[in-house]
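**Q** Given these sequences and hints, build the entire structure.
These protein sequences, in sequence, are chains A and B. Under the numbering used here, the first residue of the first sequence carries the number 1150, and numbering increases by one thereafter. Under the numbering used here, the first residue of the second sequence carries the number 3, and numbering increases by one thereafter.
It should be emphasised that the hints constitute simulated quantities derived from the structure, not laboratory data. Remember, predicted model here, so these are calculated numbers, not experimental data. Note that CB positions come from ideal geometry on N, CA and C, so glycine has one too. Mixed in with the good hints, there may be bad ones.
[Said to hold, decoys possible] Computed beta-carbon distance windows for the label pairs:
{"#": "1", "chain 1": "A", "residue 1": "1640", "chain 2": "B", "residue 2": "100", "range": "45 to 55 Å"}
{"#": "2", "chain 1": "B", "residue 1": "45", "chain 2": "A", "residue 2": "1476", "range": "51 to 61 Å"}
{"#": "3", "chain 1": "B", "residue 1": "96", "chain 2": "A", "residue 2": "1194", "range": "24 to 34 Å"}
{"#": "4", "chain 1": "A", "residue 1": "1568", "chain 2": "B", "residue 2": "78", "range": "57 to 67 Å"}
{"#": "5", "chain 1": "A", "residue 1": "1466", "chain 2": "B", "residue 2": "77", "range": "30 to 40 Å"}
{"#": "6", "chain 1": "A", "residue 1": "1410", "chain 2": "B", "residue 2": "77", "range": "46 to 56 Å"}
{"#": "7", "chain 1": "B", "residue 1": "96", "chain 2": "A", "residue 2": "1636", "range": "44 to 54 Å"}
[Stated by the list, open to error] In silico lysine to aspartate or glutamate, EDC-like type, Cα no more than 16 Å apart, as pairs:
{"#": "8", "chain 1": "B", "residue 1": "11", "chain 2": "B", "residue 2": "30"}
{"#": "9", "chain 1": "A", "residue 1": "1180", "chain 2": "B", "residue 2": "18"}
{"#": "10", "chain 1": "A", "residue 1": "1389", "chain 2": "A", "residue 2": "1653"}
{"#": "11", "chain 1": "A", "residue 1": "1514", "chain 2": "A", "residue 2": "1425"}
{"#": "12", "chain 1": "A", "residue 1": "1180", "chain 2": "B", "residue 2": "20"}
{"#": "13", "chain 1": "A", "residue 1": "1298", "chain 2": "A", "residue 2": "1340"}
[Unchecked claim] Under 7 Å between C-beta atoms, here's a sample of chain A residues computed to sit facing chain B:
{"#": "14", "residue": "1165"}
{"#": "15", "residue": "1169"}
{"#": "16", "residue": "1206"}
{"#": "17", "residue": "1209"}
{"#": "18", "residue": "1210"}
{"#": "19", "residue": "1212"}
{"#": "20", "residue": "1213"}
{"#": "21", "residue": "1224"}
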Amino acid sequence: MAGDRDSPTDSSFEATLRALAANYAAELPAKLAEIGSMLDAACTGAASAADLQLLHRQIHSLNGSAKTFGFPSVSDAARKLELALVPYRDAPATLDREAGTALLALLESLMVAAERPQESAMAGAPKAAPAASQQPVSRLIFLLDKDDKEAASLTSQLTSFAYAVRHFREAQELVAALGAETPAAIIADIDSIEEQFSGETVTELRQGNSSVPMIFLSGRGELGARLRAARAGGDAYFTKPVKTGQLVDRLDSLVNRIKPEPYRVLVVEDAPAQAEYFATVLTQSGIRSSVVAGPETLLEALNDFNPELILMDMYLPGCTGDELARVIRQTDAFMSVPIVFLSVERDFDRQLTAMFKGGDEFLTKPILPAQLVSVVTTRVERYRELRTLMLHDSLTGLVNHSRLQQQMEIETARALRQRHPMSLAMIDIDHFKQVNDRYGHPVGDRVLKNLSRFLRQRLRTSDVVGRYGGEEFAVILSDADQNTARTVMDTLRTDFASIPHEADGDSLKVTFSVGIASVPQHASVRELLVAADQALYKAKREGRNRVVVDGG
Amino acid sequence: MTSHASLQKILYVDDERDIRTVARMALEMVGKFTVKACSSGGEALDEFPAFQPDLVLLDVMMPEMDGPTTLERIRGLSGGAQVPVVFMTAKVQPHEVAELKKLGALDVIPKPFDPMTLSSAIRTIWDGAAG
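**A** Given below as structure tokens:
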């Protein structure tokens, strides 16, 4: 356990720590119950200042100790409650019903957090975590299937879309493995586990992992079987033979639903305690936030943080929120970003005026955490959908031509400024017209979708992948010189060529050609485009299915 | 700051028994320090003159005498005027850290702490102050 640390750990220390952690776990319910009854009393006005100070100390102590003994989420939840309680500590009289409701809601989440299983008391040390958590968990799939041949075929297909598959023959083995790591999804073949398949099996499968999506595969498509799968908590149901493209589409959306890129919220608030409170509530819900105290730093924060929603106090030093909203709306990039005002303002007319001047919503303080998170989530979700429609290609979901042009300008300028290399790769599918002519456009579209998904999965998130038009794609590889870009693209080319695409029961394989041009050999987007295009042309002329670097 | 020889003796004050046990063992076994652990500010003031620690590690929120008050009293003891003090407290708000430092503390170690890295965190603070 201490193998990779500087100091050797005395085993008696670990034993003591374990014993104390067990003790802590045993005492936790009683501690929480005490905090609960004290908080109850405080919220009904039956607490003195001394009571509140004692209560504060108890919560503070949980905050400061729970994680050490293996309850990180208890520490986090206690911290939230402590933050919310502090303003009333020395003035119990100001604790009114509304504030009480907010505090009790936080107590509730503290209780929920305490029900989560205890981690190793050394969990503060991430290095000590099971080795499996080091691999990108989000792409690990558990496959339950008694048929080895079928499992092998599914595994090889999913692997080419960058999923890692672990195959189990018995439900029990899978359950045992769930104890050690959490997959991104579970795919279970119902037919081959028929005798084991029941609601209980699924409950067991998902024990402690209720958020792991489950996909069922079955040879039977009748409603009864589907219903049973849905009742058992299945997120998707596929009849065999499974179409890989559809399965991967579904996997992508299920896996991404759990781990989307965190929302970015900019908090404009001059009171540090309030700002900290909002930031904490948002962070707890997996939302990234950045705080600015006033108008001076706002514009800078807009550009650096690129928020997807702005939470803004109505009254700021030197100006009002609605004035600031108008300033934000003057910037093209933030013309449509949602702005949510926060204030103790209860005057409906004033609220209306503020909305009219560029706000989208008005929240009255004190704001419950759940309310804040729900408003932020729905607003940002819709904002994202709209932006996707505006900036992305509807078939492939990749950025579209005009957005790609913009991005090329930005990346090229950055590379030149920082004196870093950068490469542009133009990709064109070989003989695409023949695919369309022979198999029809739906199959052609599927190939386009497969290629775009493949590129997105295999490239770094810092790389930009766009559909340039028709069967032509463009990739911007930041920090990659000619040689790196050639290696990367050549691996992609080889791997893609081996993926079968379904075509009405038949399957076909497709290749592509690539032309690459780089900074610093070229110093403008125009030059890069011309050079990459010429390289691509050369690749086609030399026989296709190859990568050609400009000048090479 | 006083001239730093090596850090050996730590006077550690925390009212919570289990945390005190973990931190003391972590400091002794991982950090190889000589540790005197006290359960209250009052006890720390009693022990200080004889123990003459190289560094004082102080919990902030304690019943009766809190960390800042204990620090103030230590400054009045023989050998206490210059002794480096490090606070330990549950992270709440950034400005609190600044306020604690204003009281003359060398640094603030956030709780919950990781027992395995507590000693190295203290050494880093110590070395930083020496350099």
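**Q** Now tell me if each hint is right for this structure.
**A** Each hint tested on the structure:
1. 1640(A) <-> 100(B): 45 to 55 Å: holds (51 Å)
2. 45(B) <-> 1476(A): 51 to 61 Å: holds (58 Å)
3. 96(B) <-> 1194(A): 24 to 34 Å: holds (32 Å)
4. 1568(A) <-> 78(B): 57 to 67 Å: With Cβ atoms ~59 Å apart, the hint holds.
5. 1466(A) <-> 77(B): 30 to 40 Å: Check passed, 37 Å falls within 30 to 40 Å.
6. 1410(A) <-> 77(B): 46 to 56 Å: holds (50 Å)
7. 96(B) <-> 1636(A): 44 to 54 Å: Between residue 96(B) and residue 1636(A), where Cβ atoms are some 45 Å apart, the hint holds.
8. 11(B) <-> 30(B): holds (10 Å)
9. 1180(A) <-> 18(B): holds (13 Å)
10. 1389(A) <-> 1653(A): Holds. Residue 1389(A) to residue 1653(A) sits at ~14 Å (cutoff 16 Å).
11. 1514(A) <-> 1425(A): Satisfied, since the Cα-Cα distance of roughly 15 Å is no more than 16 Å.
12. 1180(A) <-> 20(B): holds (14 Å)
13. 1298(A) <-> 1340(A): It holds: about 15 Å lies between the C-alpha atoms, which stays within 16 Å.
14. 1165: holds (6 Å)
15. 1169: holds (5 Å)
16. 1206: With Cβ-Cβ at 6 Å, under 7 Å, it holds.
17. 1209: This hint holds: residue 1209(A) lies near chain B, its Cβ roughly 5 Å from the closest one there, short of 7 Å.
18. 1210: Residue 1210(A) check passes; min Cβ-Cβ to chain B is 6 Å, inside 7 Å.
19. 1212: holds (4 Å)
20. 1213: holds (3 Å)
21. 1224: holds (5 Å)
Checked against the numbered hints given earlier, this structure breaks none of them.
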